[in-house]
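S.K.: Take the position in the sequence shown, starting the count at 1, then add 245; the result is the number in my numbering.
Calculated from the structure, these hints are not laboratory results.
Take the hints with a grain of salt, since some may be wrong.
[As the list claims (entries may be wrong)] Derived Cβ-Cβ restraints for the label pairs, each shown as a range:
#1 R340 <-> V279: 43 to 51 Å
#2 D308 <-> D359: 19 to 27 Å
#3 V273 <-> R397: 24 to 32 Å
#4 W264 <-> K311: 25 to 33 Å
#5 D308 <-> V273: 40 to 48 Å
#6 D308 <-> I288: 38 to 46 Å
#7 L346 <-> Y301: 23 to 31 Å
#8 S321 <-> I283: 46 to 54 Å
[To be verified] Within a straight-line C-alpha distance of at most 25 Å, the following computed DMTMM-like cross-link-like pairs (lysine to aspartate or glutamate) qualify:
#9 K311 <-> E366
#10 K312 <-> E328
#11 K311 <-> D381
#12 K311 <-> E341
#13 K356 <-> D381
#14 K401 <-> E361
#15 K401 <-> E337
Glycine included, every Cβ here is placed at the ideal spot set by N, Cα and C.
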Amino acid sequence: MEQGLAQLKEIEGLDAISWWPLAVGWWVVIALLVCLIIGLLWILLRRRRFLRSWQYGILTQLDTLKKTLTPESSLSIAIELSELMRRIATFEYSREACAGLTGKDWLLWLKTHDPESFNWEAHASWLTDVAYAPNDTQLSTEEITAVINAIRRWVK
């Protein structure tokens, strides 16, 4: 047995296994990781852009109004919604297109430009005269909630 071991010689000339070139499997893993990183960056940038947009500010304001809506606060919230709808329309369209509209013309303009075709004349006729209502006026919280939801759909 020792004779057989004595006849064995050291293997020379074999190079160590190198890291380069990479096997196909590693290239697939690298490509997937690059795609994942690019996808995550794209999602984060879109989220950041949305959080800085005017839509996010309006949506958070609408959420606050909806949470604080009570029969006692209905008038002040309705006044805020009226002002908010004017600002949204002026921002999305032009000042000349909607700023001078009042009464039924304003409600008709809202109805024709609403992407969801909400019936502003039937459900939000109070928008035109709520700013001039007496302080003890109470409006229907259901109608105000419907208008808040319509504005949310408009902004999205």
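S.K.: Now tell me, hint by hint, if it's right for this structure.
M.R.: Right, here's what the structure says about each hint:
Against the hinted window of 43 to 51 Å, the Cβ-Cβ separation of R340 and V279 comes to about 47 Å, which satisfies the hint. As the Cβ distance of D308 to D359 is approximately 20 Å, the hint placing it in 19 to 27 Å holds. A hinted range of 24 to 32 Å for the beta carbons of V273 and R397 is inconsistent with their spacing of about 44 Å. Taken as a hint, the range 25 to 33 Å is violated for the pair W264 and K311, whose Cβ atoms sit roughly 59 Å apart.
Between D308 and V273 the C-beta distance comes to about 44 Å, which sits within the given range of 40 to 48 Å. In this structure, D308 and I288 break the distance hint of 38 to 46 Å, their C-beta atoms being roughly 23 Å apart. Between L346 and Y301 the CB atoms are about 27 Å apart, so this pair conforms to the stated range of 23 to 31 Å. The hinted range of 46 to 54 Å is satisfied by S321 and I283, whose Cβ atoms lie roughly 47 Å apart.
Distance check on the hinted pair: K311 and E366 sit about 21 Å apart at the alpha-carbon level, within 25 Å; holds. With a C-alpha separation of about 18 Å, the suggested pair K312 and E328 falls inside the 25 Å cut-off, and the hint holds. Proximity of K311 to D381 is assessed by CA-CA distance (about 20 Å); at most 25 Å being required, the pair is judged to hold. For the proposed pair K311 and E341, the alpha carbon gap of about 30 Å is over 25 Å, so the pair is violated.
Of the pairs offered as hints, the one joining K356 and D381 is violated, with about 29 Å between alpha carbons and a cut-off of 25 Å exceeded. Taking the CA atoms of K401 and E361, the gap is about 11 Å. The hint holds against a cut of 25 Å. Note on K401 and E337: the hinted pairing holds, with a Cα-Cα distance of about 12 Å set against a maximum of 25 Å.
Violated hints, listed in ascending order, are 3, 4, 6, 12 and 13; each of the other numbered hints is respected by the structure.
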